[in-house]
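For the protein sequence lines, the chains are A and B, in the order given. Residues 1 to 307 (this note's numbering) make up the first sequence, in order. Residues 1 to 509 (this note's numbering) make up the second sequence, in order.
Hints listed in this document are in silico derivations from the structure and should not be mistaken for laboratory results. Quick caveat, the model's predicted, so the values are computed rather than measured. Think of the CB as a built atom: it goes at the ideal place given N, C-alpha and C, for glycine as much as any other residue. Where hints are given, some of them may not hold.
Label pairs and their in silico Cβ distance ranges [said to hold, decoys possible]:
| hint | chain 1 | residue 1 | chain 2 | residue 2 | range |
| --- | --- | --- | --- | --- | --- |
| 1 | B | R17 | A | Y12 | 35 to 43 Å |
| 2 | A | G56 | B | L503 | 21 to 29 Å |
| 3 | A | S212 | B | R506 | 21 to 29 Å |
| 4 | B | L503 | A | S22 | 24 to 32 Å |
| 5 | B | S367 | A | A53 | 15 to 23 Å |
| 6 | A | M290 | B | R505 | 37 to 45 Å |
| 7 | B | R506 | A | G57 | 16 to 24 Å |
| 8 | A | R64 | B | V449 | 45 to 53 Å |
| 9 | A | R64 | B | R506 | 33 to 41 Å |
| 10 | B | E202 | A | A53 | 53 to 61 Å |
| 11 | B | R505 | A | G128 | 28 to 36 Å |
| 12 | A | D55 | B | V449 | 16 to 24 Å |
| 13 | B | E202 | A | Y12 | 38 to 46 Å |
Covered stretches of chain B, going by a simulated chain A footprint (3 or more residues, C-beta under 8 Å) [stated by the list, open to error]:
| hint | stretch |
| --- | --- |
| 14 | 16-24 |
| 15 | 321-328 |
| 16 | 483-492 |
A few chain B residues that don't get close to chain A, going by computed Cβ distances all over 10 Å [stated by the list, open to error]:
| hint | residue |
| --- | --- |
| 17 | T3 |
| 18 | M36 |
| 19 | D142 |
| 20 | V178 |
| 21 | S199 |
| 22 | V210 |
| 23 | S318 |
| 24 | V360 |
| 25 | G373 |
| 26 | L440 |
| 27 | A509 |
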Amino acid sequence: MEIEVDGLRKQYGQVSALDGVSFTVRPGLVTGFVGPNGAGKSTTMRVILGLDAADGGRALVGGRPYRSLRDPLRAVGAMLDASAVHPGRRGRDHLLWIANAAGLPKRRLNEVLEQVGLAGGAGKRRVGGYSLGMRQRLGIAAALLGDPRILMLDEPVNGLDPEGIVWIRGLLRSLAAEGRAVLVSSHLMGELEDTADRLVVIGRGRIIADTSVPELLAAASGGRVALRTSAPADAMAVLSRAGGTVASVGTDALTVTGLGAEATVAALGASRVPFTEVSAHRATLEEAYMELTRDAAEFQAAPGGAA
Amino acid sequence: MSTLLFRQVRAEWTKLRTVRRWMLTLLAAAVAMVVMTLLGAAGGSVQHAGGPGDVPPKGPDGKVVRDAFQFVHQEMNGDGTITAHLASLKSLVEDGAPRAKTEPWAKAGIMVKDGLEPGASYVALLSTVGHGVRLQNDFSHDKAVSASGAWLRLTRAGSRFTAYVSSDGTTWTKAGSVTVRGITANAQVGVFSTSPQHSEFERNIGSLGVTDVPAHGVGTFDNVTVTGGIPGKWTGTAVGHSPVFDIPGVGHPGSGGGGGGSSGVKDGSTIAAGMITVTGSGEIGPRPRGSDLVQQGLQGALFGLLVVVAVGSLSMTSEFRHGLVRTTFTALPRRGGVLVAKALVLGTTVFVLSAVALAVAFPLGQSKMRASGFRPPGFPKWGLSDPTALRAIIGSALLVALVAVLAMALGAVFRHSAAAIALVLVVVLVPQILAGALPLGAARFLLSVTPAAGFAVQQSEPHYSFTSDLCLPDDGCYPLSPWAGLAVPCLYVLGAMLLAWWLLRRRDA
Numbered sequence: 001m002e003i004e005v006d007g008l009r010k011q012y013g014q015v016s017a018l019d020g021v022s023f024t025v026r027p028g029l030v031t032g033f034v035g036p037n038g039a040g041k042s043t044t045m046r047v048i049l050g051l052d053a054a055d056g057g058r059a060l061v062g063g064r065p066y067r068s069l070r071d072p073l074r075a076v077g078a079m080l081d082a083s084a085v086h087p088g089r090r091g092r093d094h095l096l097w098i099a100n101a102a103g104l105p106k107r108r109l110n111e112v113l114e115q116v117g118l119a120g121g122a123g124k125r126r127v128g129g130y131s132l133g134m135r136q137r138l139g140i141a142a143a144l145l146g147d148p149r150i151l152m153l154d155e156p157v158n159g160l161d162p163e164g165i166v167w168i169r170g171l172l173r174s175l176a177a178e179g180r181a182v183l184v185s186s187h188l189m190g191e192l193e194d195t196a197d198r199l200v201v202i203g204r205g206r207i208i209a210d211t212s213v214p215e216l217l218a219a220a221s222g223g224r225v226a227l228r229t230s231a232p233a234d235a236m237a238v239l240s241r242a243g244g245t246v247a248s249v250g251t252d253a254l255t256v257t258g259l260g261a262e263a264t265v266a267a268l269g270a271s272r273v274p275f276t277e278v279s280a281h282r283a284t285l286e287e288a289y290m291e292l293t294r295d296a297a298e299f300q301a302a303p304g305g306a307a
Numbered sequence: 001m002s003t004l005l006f007r008q009v010r011a012e013w014t015k016l017r018t019v020r021r022w023m024l025t026l027l028a029a030a031v032a033m034v035v036m037t038l039l040g041a042a043g044g045s046v047q048h049a050g051g052p053g054d055v056p057p058k059g060p061d062g063k064v065v066r067d068a069f070q071f072v073h074q075e076m077n078g079d080g081t082i083t084a085h086l087a088s089l090k091s092l093v094e095d096g097a098p099r100a101k102t103e104p105w106a107k108a109g110i111m112v113k114d115g116l117e118p119g120a121s122y123v124a125l126l127s128t129v130g131h132g133v134r135l136q137n138d139f140s141h142d143k144a145v146s147a148s149g150a151w152l153r154l155t156r157a158g159s160r161f162t163a164y165v166s167s168d169g170t171t172w173t174k175a176g177s178v179t180v181r182g183i184t185a186n187a188q189v190g191v192f193s194t195s196p197q198h199s200e201f202e203r204n205i206g207s208l209g210v211t212d213v214p215a216h217g218v219g220t221f222d223n224v225t226v227t228g229g230i231p232g233k234w235t236g237t238a239v240g241h242s243p244v245f246d247i248p249g250v251g252h253p254g255s256g257g258g259g260g261g262s263s264g265v266k267d268g269s270t271i272a273a274g275m276i277t278v279t280g281s282g283e284i285g286p287r288p289r290g291s292d293l294v295q296q297g298l299q300g301a302l303f304g305l306l307v308v309v310a311v312g313s314l315s316m317t318s319e320f321r322h323g324l325v326r327t328t329f330t331a332l333p334r335r336g337g338v339l340v341a342k343a344l345v346l347g348t349t350v351f352v353l354s355a356v357a358l359a360v361a362f363p364l365g366q367s368k369m370r371a372s373g374f375r376p377p378g379f380p381k382w383g384l385s386d387p388t389a390l391r392a393i394i395g396s397a398l399l400v401a402l403v404a405v406l407a408m409a410l411g412a413v414f415r416h417s418a419a420a421i422a423l424v425l426v427v428v429l430v431p432q433i434l435a436g437a438l439p440l441g442a443a444r445f446l447l448s449v450t451p452a453a454g455f456a457v458q459q460s461e462p463h464y465s466f467t468s469d470l471c472l473p474d475d476g477c478y479p480l481s482p483w484a485g486l487a488v489p490c491l492y493v494l495g496a497m498l499l500a501w502w503l504l505r506r507r508d509a
């Protein structure tokens, strides 16, 4: 079972929240859904779950619209908002009504509570007294209740302590390893670096990148060279003449694009510009993401500024 | 499909019962219903003015009635026909300016009655001053049969009575027929006339002044013929005029038509040269609403209703407030089904709770009221086994449940509990407050078209529109019949549910 999102559009008044969003969430993989706050991640997830209506395009779950699924909770387990619980209800009762709604047996309650680490007394307490981390775990428990083929978690790492973060990474990996499709969103790329197999990057309602993690890193590093020199002005002049694009990233540090490490060293050597270090730049996921989303922001800002 | 509804209902029931505050509030509503019923029952007191002689007559169905009129009659054995021409019908109101006022319910006509005892079964075809020609029987049955028609005819065939009306005495139109089994073969037939007191009232906010003026109906008949009877002898009788009983609790003590007043008009009859003139006063009909012990014994329902409105609206708005509605619609994508399940669960829970609370409170309240003087023979004794009391209790519980569901549906419309609660209270309470201040017509309209009309279900007696009795909101009278009244909040619930359903489907969750 997979999620297929095809050309989703949604307008809130004048603001275009989704502007032709298309991607696929495949079984057996953790798909990271990243973008800055307000980029359209949650809106996309709500549309997939049939909660919000799209103005255009479609979102299919296992080939069908969510609202036409016979047993939706056995197909998709979702956590959109960990605080979406009634504070006066016990954690276990919160799961109980969902189980009743989905026609699931009561034993699932204990199973998922154990799975998320809320076994013991926590489930018998009222949710109003839960920490954010506990609510997060309860929300994940609710998503797991129907033993679904697809998991969809919106910002599940939020509010978790370091131990919890390690736990959820392991959980996501093992769920994917069981052949489930996992879609997990975050506004911090770093959170997904070691977890996601694929990344769908969204900015201002558009998909900026839909790729695997190594591909994204390679693209972001794109032949850049980091250079450390005591004569940055000379180096900039020489390298520009040689056809590179040079950016200053510190008092004695430069980034060169378009030449490669070898040509850079050759050009510097020929002009006798001193340098202490030349290295092919290895971008972090975070940097790649920053670059992508910055572009998206600039692209969107121009027409708005002109108007 | 049915398993889906089962799941929806089960999920909603789990939701409702697992929020402790809601359950405590519902319990508080039940307690409020019991306590306020008992407090309401302790409110009044009554002293019996007279002895056992004041027992009002009872009609064929056992209910107390009014039965006072002037009757010129003879015996008719078995089947037969009485025909009369009502030459004139006048209403004499004993007021300062003579003949200035008329009582529209002054009436005269022909009657077949099972003897002369007040409360005896009868059929009458009568003309009124202001409400046309009517066929009435056994006090609580009335049918307007014709706008006018001076010639009246009533034919008996066994227990079947057929009425005819004519304007000229030759061309007769069948006006209607009734089956009345309570009239024995040996019946009294004749012409009669009577008039209830003429009431004038003045209403201001919080005060009501009613002035009752004695009035007489004067009917002049000619061409009175009876076939099938023993030919001949007319006798005049004032039916039901001896003991006068007051209607406790009503602002206007009635003299019951005590046989003439001070101005010289005397009830009676004259027979001369084929003309029969009958002058009578009184009323033939159900006993007017006095203190309605059933209604007074269910006052707690209103207070319970105020409390459950909060739970009703919160059960829906809390879903929006906490974003829980997304979890709900993810688990159960059919939003209309969720709405129906919520209504079923909430309505059933509140109904059961209210029915139990009121069934507990009612007998306690009744015994309390009996202790303060509201007891037989002046007042009926109500218990849980009386169908009327049971109807009022069940109806009150239904009303409370309907209002809770209304609050829930409006919660889905507004997605905000304050707005939903405010609107429910406005449509349920404000009409009752305004009814005391507005002109009578407007007040009655308000109590017929707003959900407040549902309180009619608490009345042990409906308001009978074919008598001169006023349906005064000040007396707690709701103009509609019990079930028709309850249908009004039902329609509001239906409307709110449809609107909520449409909006839930249309809006993003």
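Looking at S318(B) again, its CB stays over 10 Å from all of chain A? 6 Å, violated
Does the Cβ distance between G56(A) and L503(B) fall inside 21 to 29 Å? 23 Å Cβ-Cβ, so the 21 to 29 Å window holds.
Okay, the stretch 483-492 of chain B and chain A, do three or more residues pass the C-beta test at under 8 Å? Contact hint for the stretch 483-492 of chain B vs chain A: violated, 0 residues under 8 Å.
If I claimed the Cβ atoms of S212(A) and R506(B) lie 21 to 29 Å apart, would that claim hold in this structure? 40 Å, violated
Residue count check for the stretch 321-328 of chain B against chain A: does it reach three with CB-CB under 8 Å? It holds: at least three residues are needed, and the stretch 321-328 of chain B offers 6 whose Cβ sits within less than 8 Å of chain A.
Look at the Cβ atoms of R64(A) and V449(B) and judge whether their distance stays inside 45 to 53 Å. 46 Å, holds
Does 35 to 43 Å hold as the CB distance between R17(B) and Y12(A), or does it fail? Cβ of R17(B) to Cβ of Y12(A): about 37 Å, so the range 35 to 43 Å holds.
Least C-beta distance between V360(B) and chain A, which was stated to exceed 10 Å: 28 Å, holds
Verdict for D55(A), V449(B) (Cβ pair) under range 16 to 24 Å: Roughly 41 Å apart at Cβ, these two residues miss the hinted range, so it is violated.
Reported absence of L440(B) from the contact zone with chain A (all CB gaps over 10 Å): 47 Å, holds
Given as non-interface: D142(B), partner chain A, CB spacing beyond 10 Å: 54 Å, holds
For the hint 28 to 36 Å, verify it against the beta carbon of R505(B) and that of G128(A). 31 Å, holds
In this structure, the earlier hints numbered 3, 5, 9, 12, 13, 16, 17, 23, 27 are contradicted, and the remaining ones agree with it.
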